[in-house]
Amino acid sequence: MNPRYHLPILILLGAFLFLTNLGGYDLWPPDEPRFAQVAREMLHSGDYLVPRVNGQPYTEKPPMLFWTTALLSAPVGDVTEFTARLPLAIGGLVTIVLTYLLAQSLYGTSVAFWAALILMTTHRFWWQARFGQIDMLMTMFLTASLLCFWHWHKNRQSFALVGFYLAIAAAVLTKGPPGLVFPFFMILVFYWGKKQDRKDLHWVVGTVVVLIIVAAWLIPARMAVSVESGMETGDGIAANLFRQTIGRFFLGISHAKWPGFYATHMPVDLLPWGLFLPWTLYWGWKRRKDGEEMRLLLAWTIPAFLFFSACIGKRSIYLLPLYPVLAIFLSRSILELVESDRRIWRRNTGLLWAAALTMLAFAPLVFVMGPYKEYGHPSILAVSILALACGMQGFYAALRTDSRQLLRDMTTHSAILVLLCALVIFPAINPYKSARAFCAPLRACSQQNRAYDLYSVGFSREEYIYYAEHFHEPVLCELLPISEMNDLPTYEQARLQSKMQRDIQKAVRPVPIATMAVINDQELERLQQAVFAYQGPDGDNVAKTQAYEEAVSKRIRQLFAGMNIASPAFMMVLEEDWRWVVALCPEGRSYGVLSDTNVGSRRVLLLANDAALEAVEAGEAHRIAALK
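In the numbering used here, the protein residues as written are 1 to 628.
Any given hint could turn out to be false.
Claimed, not checked - Derived pair list, reagent style DSS-like, types lysine-lysine, alpha-carbon separation capped at 30 Å:
#, residue 1, residue 2
1, K195, K257
2, K544, K506
3, K554, K544
4, K257, K499
5, K61, K195
6, K61, K289
7, K286, K195
8, K506, K61
9, K554, K499
10, K154, K286
11, K499, K544
12, K289, K154
13, K289, K199
To be verified - DEER-style ranges, computed between Cβ atoms:
#, residue 1, residue 2, range
14, W285, S601, 15 to 25 Å
15, P267, D290, 32 to 42 Å
16, W258, P177, 30 to 40 Å
17, T597, Q405, 13 to 23 Å
18, K199, L480, 49 to 59 Å
19, Q56, S601, 21 to 31 Å
20, Y282, L71, 41 to 51 Å
21, Q157, W258, 41 to 51 Å
22, A382, P512, 16 to 26 Å
23, S483, A215, 40 to 50 Å
24, T597, N2, 40 to 50 Å
25, P75, A215, 25 to 35 Å
26, A389, W258, 31 to 41 Å
Hint data in this document are derived by calculation from the structure and do not stem from the laboratory. Ideal placement from N, C-alpha and C gives every residue a C-beta, glycine not left out.
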């Protein structure tokens, strides 16, 4: 194929894989609805300085994704499923192009073409290019920084050096300090023992420029938040940096995993190309000293891999910026494999792939026949049939040919399967993952401009805000003021109250309830016995337990006072929480239950006062009349 057609073909194929049915299913928690809601509030409020969710400042992530989503959503006036994911799909496409350009500069057009194809059909990369999380945008900027660095290293062109630092600044504005980790270790290792090269890179000045660009947003944003919260600006920045760096990575505040997590998960995330890792590692070891090109790729991957493996907090997406370079490794090593006389390597890899496809063919059948069969659809059988056909073709190629076409076959099989996922599997499981159906009564009132109050008891999740199109007031999500606990540090009070709530949930869970919509007197009595029999953690904090139950009861009665008004008011509560809430405050049984359904793994109730029930009935009557 003429190399001049490589990029157009790659862009068209990548767009086909990343954009097909991109908005054909709802936003899935936890991250997609949260980031979409932040962008929606930014778009509707016009405040592009301080990201917000549920009307409150959102300081967990920098604003690049929210800015991009709001910009792409502006033409349609709202953040939709398609526009919420579009920045990531664009980021994936741009990363494909950048990977091609980098590989072309390193090893020529053939390696570059296959590296781009491998990257776009890698399971984790394809998923992140279609899922509304931040990491694909950061990967795009970091890949751009690596490309600029290589051009500067080879040609010493000042524009490449400027592009290097601007790309890093954009990466930091996308996900914060992780945007510095990859280029920092790359420079440290690539220029190890080369003081003059590091000096020529002007890394001190470049770092200052990056920090100035980031500070141009961060300081005004935190000042604005500080005015609202009363916290000092410096304290707010320090607390956020501590949580997002020291807390998240080294203390394991979230996603704590064992040191070998990435070593075991990355081969799966790289599928189908993870099947070639044994060969690629062997090949890479033999060529570890093959010039500056190999040193660049190794300097980008190995230090970052070791650093994130040493961190306590781990997620597969943290290593996404490694995938473009890993695709180049895989492309070069696999091309050498298919062109060599190592038929046994090729055959065994082909047999593994064919076996994986054959097993995959039965997975949709398990889904349809399993606990989620109500969400099944006959079209899912198409996935089984095509996966089985690909598997049979793979067995034939491995057993009856020399498997030199293995790279082409696996690319084709992978493209077919990911398209089937987008067109068939995702829509099939969407009802189980989405909060859209649950929020339908709330959304109808919002779209008809009916004023109402909405409370969320025991939890606060952005998918309900997004699909209700209405803010909610969290209840029992805050630290309750309890005098018996004042002698404890704040974090210990929070830990103890959280444990008490979980233990009370566990205590009432075995009590049989015929229907949550109507809890009869006998069921209520059994719930109350279970709650009042609870003696607190370890059975020796009776006074604290009683004080906690009194504080909870007081907060619930305040909630019910907010519900007992003449205007519409709704309440969302987990079924496991409603059991003990009713036990403490039986008057809650008077509210109507509009919905009692699973949203993801949670069973959630939607309750309404009389005015809200009337509003929902009026809205339904209006909808039926409009249809007629």
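Hints, one by one, checked against the model:
no. : hint                    : result
1   : K195 / K257             : 37 Å, violated
2   : K544 / K506             : 18 Å, holds
3   : K554 / K544             : 15 Å, holds
4   : K257 / K499             : 22 Å, holds
5   : K61 / K195              : 35 Å, violated
6   : K61 / K289              : 39 Å, violated
7   : K286 / K195             : 28 Å, holds
8   : K506 / K61              : 34 Å, violated
9   : K554 / K499             : 19 Å, holds
10  : K154 / K286             : 25 Å, holds
11  : K499 / K544             : 12 Å, holds
12  : K289 / K154             : 18 Å, holds
13  : K289 / K199             : 24 Å, holds
14  : W285 / S601: 15 to 25 Å : 43 Å, violated
15  : P267 / D290: 32 to 42 Å : 24 Å, violated
16  : W258 / P177: 30 to 40 Å : 23 Å, violated
17  : T597 / Q405: 13 to 23 Å : 49 Å, violated
18  : K199 / L480: 49 to 59 Å : 57 Å, holds
19  : Q56 / S601: 21 to 31 Å  : 26 Å, holds
20  : Y282 / L71: 41 to 51 Å  : 46 Å, holds
21  : Q157 / W258: 41 to 51 Å : 44 Å, holds
22  : A382 / P512: 16 to 26 Å : 42 Å, violated
23  : S483 / A215: 40 to 50 Å : 43 Å, holds
24  : T597 / N2: 40 to 50 Å   : 56 Å, violated
25  : P75 / A215: 25 to 35 Å  : 31 Å, holds
26  : A389 / W258: 31 to 41 Å : 39 Å, holds
Against the hints set out earlier in the document, violations occur for numbers 1, 5, 6, 8, 14, 15, 16, 17, 22, 24.
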